[in-house]
Amino acid sequence: MSQVMRAAHAGRRPRPLRTMLVYLLVIVLGLTIVLPVIYGVLGGFKNTAQLSTNGLGLPHPWVVSNYSGIIKSGTFWRAVGSSTVIAVGTALIAVAVGACAAFVFARFAFRGREFLAMLFAIGLMFPPAVAILPLFVLLRTFDLLDNPLGVVLPQAAFFLPVTIIILRSFFRQIPREVEEAATMDGCSTFRFFWSILLPMARPALATVSVLAIVTSWNNFFLPLVVFNNSDWWTIPVALQQFKTEYSTDYARVLAYTVMAMVPALAFYAVAERQLIGGFTTGAVKG
Amino acid sequence: MARPGLTDERSRGTATMSRTELLADGGNERRRRRLRRWLTITLFLLPALVLFMLLVLAPIVIAGYASFFKWNGLGGPPTDYVGLDNFRTLLSDEVFHQDLWHAVVLVGLSLVVQLPLALGIALLLNQRFRGRAVFRVVFFAPYVLSEVIAGVLFTILFDPETGVKFAQGWLADPNTVLYALFIVLTWKYFGFHMIIYLAGRQNVPQELLDAAATDGATGWQQFRHVTLPLLGPTIRISVFLSIIGVIQLFDMVWVLTTGGPVHGSETLAVTMFNFGFKRFQVGYASAISMSMFVISLVFALIYQRFVMRRDVQGAITVMGNQG
Amino acid sequence: MLSLTRRSVALGAAAMLALAGCGGGGGDKGGSSGGGGGAKKVTIEWWHIQNTVPLRPVWDQIAKQYMAQHPNVTIKIQPIENEAFKAKLTTTTQSGKAPDLFQTWGGGVLKQQADAGLVKDLTQDVQPWIGNLQQIALKPYTIDGKLYGLPFDNGMVGFWYNKKLFKQAGIDTPPTTWTGLLDDVKKLKSAGVTPIAVAGKAKWPEMYYWSYLALRIGGANVFANANNDFSGPAFVQAGQKLKELADLQPFQKGYLGADYDTPNGQAATVGLSKAAMELMGQWAPSVEEAQSNKKLGDDLGFFPFPTVEGGKGQITDAFGGGNGFAVGKDAPPQTIDFLKYFLSVQSQQMAAATGAILPTAKGAETALKDPRALEVLKTVSGASAFQLYLDQAYAPAVGQEVNDQVSALVAGKASPQQVAEAITKTAKSQ
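Protein chains in written order, with the numbering used here: chain X, 1 to 286; chain R, 287 to 609; chain F, 610 to 1039.
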């Protein structure tokens, strides 16, 4: 159906005036959105004196040392590394565990199903900040402090409701006939789940993973609380530390801020197709 | 998992057996199958349940329990039971009233400004033009950036001395801070709604729009009478999320203003954080978070019951089919 | 089904928002590493908030020297930024642990920690050498006659002013009375100079004004005798006097959103000569310099908070505090030995030489290079009375309420009467 749509779309006559207007709007709006980021990027090329006297203009002269210093610093890359490990870990666990649960919620009828599903949904209504104290005691009991799992597991747990809700509805959309055919072929429940359902739900899995990674990437308080050892500091925590450590050197802080954006933006630029694809595939399928 | 086809085959196959044999065999088979079914359900559900109960539900329950105590959080479990006192204090607290008012204002502004903006941009990005993918990245970029980063950028932009000329000091004035905060929130989160709309827009069949165009409908009429109604469910979800998001709002406020000046931009979650982590009134802070929970829950239930009813009904039918 | 799909996606994202939204506090392994005395290997977990130059490298060096002399001791240093430290420590202590050695300001917070049995009573252990420290500096760390922490820095709050800007407005000598101060503020304003820089976002710098006014009006024991009742005339009048000042609009542009130690904060404003004075503690010159990258040098002067006409307080009654370390309840005994080394005259001289602290070890003040620092040290040592910062002296709930209320008063959002009542209400509920 989507192909039909596309064909119909493509068949329309191009209207130059309209296209111009679209470009104009998109560019103006886009610039407004990017302005703060551009300001940050340029600010990173200034020194503090320039920032206070010439906050909004172009750098003069261009100071490259702020950026090059950060690129050369091991601590920055270590933060990128641990952010990556933690984000990927969170996504893996949340999606693996969540997909299993969503599968059962979607394809099995059993007593208490809706109650359990509701229980997970309740997790969305609660401010996680309050959970942090009991959570902390728990993590210490299991000796998970200063351990990436101490951040990964709670993050995955808090992301479970989302994962389950999204995947459940995707799993539901797989037509019954597919399941019946598989069963006829002697497919076990697990095989059906693993080699038929999961591959079919790939866009949904990608969507959830991207969301989980972004969430984990930006999380500040949990890693702050869990990691004593600065080796495991994630980017937001490292940025906050950097901010106070070099509070006098705002240009350098801006440069660090800009550098901290790069991995997230790069990741998003790559995952964007998946993400929108995931959203839209789901929609078109329904 | 029901396997009707399989069951039929089997029973037909055993048709020649005696009646008693048939019953016994079918019973065993059924019992074995039921056992396997429950085993599958349990195995698939267990990891999620353990993780969720231990790391999400247990802390929530503890917080609920703590909300009935006067407790500074130090020195072991709470002992000073005060019944509903924390909630009574909360209801008469002016800051709490202000927080609620701020939530109302932010929700109102979001509905009137942020969501229409997101919808407009989504429709714009749905047009075919060269470089569309790039713009999608650009518009979604703020959502991907962490709040700490956004905080650094906007603190400088709103700086009373060196900031952008017309916006200087907006964060420093109790009368403008909420609106300045709203600008940042719009910047940070509109991309999320945009994506939802973008997905929803895929649902509006082009044939319908083409047909409308053939009938002589103007662009606006097409939008008003075709696109908008078909986007109904999407918009209702977006509104829902926007409101729940405002009720729980914390990070962006915290890094930008910490709720000030003079509580001018304080939200429920910020008040809760202040009491829990600055004033060590953990019992009271728990009461605030319970109230946030209740507000969210009640809102969600009402909204589902009255606004999203039709959308949810569709879902239930699907569920019923699934059996 | 469609809608459900999207709803789910959306819901999921909502959860994300919520997740991203909140987070929580902080805290950490209260790394006691057990281990008794002797040559057994022990680790001391040390959390401090001097995470920047100039003090951070000094602390590192002191720890290194100590470890060289005591090969069986490992000191794990964890420098943390102030706000992050508070969040981390809160979580840790609320879960029943404490680091072996950690930053404290004494007063109400330390009392709560002591009441909860989280910190060690040091009274006996430090008996042999406690005489090496200035006695007045120990007061904030003494709770019910027991010593729960030791200060490495102690000082007082007063006005730091820009002599050049004062001259420019025709002021030759700094004011000694409140009326004099108000007059000078008017003179500065009419000379086109911003009279005062204050950090309205941080709030605690505003609290200094109200506290000092109450001390000057009600006398040195006004807080000690308050008994959780802040509705008395001294407190209400303090609010009225502060309102008189605020009504002159003496503060820098956008002060309500200003922090203390950021590039455009209170300290930087004074450091860049954009405001003529600030009411601040002993660290003011070093922060002004650090945040503005400018040296005011001899242009910077210090004068004590003026007296209020008809008030019971004296100009020599000091208000202030400092920085210290408390020892976690499970800390190895070597922690106290390290603290002794840390507070020795040599170590304290190293720290004092940076100009960032006023040392508490007797004899270490010789390392102070700045004559104004010495002046503050002398003033505080010879003070007729000493009151700790209110947000440290009281339980955190009361301290924060004072900060909140005074901040509202300065912003014109609360009356002196309301401020006094609100603080009383919170204090009584504790």
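Source of the hints: derived by calculation from the structure; they are not laboratory data. Hints are supplied without guarantee of correctness; some may be wrong.
[To be verified] Coverage of chain F stretches by chain R, computed from C-beta distances (three or more under 8 Å per stretch; other residues unrestricted):
#1 701–709
#2 834–842
#3 865–878
#4 987–994
#5 998–1009
Model, not experiment: these values are computed from the prediction. Each residue gets a CB set at the ideal place from its N, CA and C atoms; glycine is no exception.
Going down the list of hints, with the structure as the test:
Interface restraint, the stretch 701–709 of chain F with chain R: holds (3 residues with C-beta to C-beta distance below 8 Å; minimum three). Counting residues of the stretch 834–842 of chain F whose C-beta sits closer than 8 Å to any C-beta of chain R gives 0, which falls short of three, so the coverage hint is violated. Restraint check on the stretch 865–878 of chain F versus chain R: 4 residues with Cβ-Cβ distances below 8 Å, three needed, restraint holds. Interface restraint, the stretch 987–994 of chain F with chain R: violated (0 residues with C-beta to C-beta distance below 8 Å; minimum three).
Coverage of the stretch 998–1009 of chain F by chain R holds. Counting CB-CB distances below 8 Å, 4 residues qualify, and the rule asks for three or more.
In summary, the numbered hints that this structure violates are 2 and 4.
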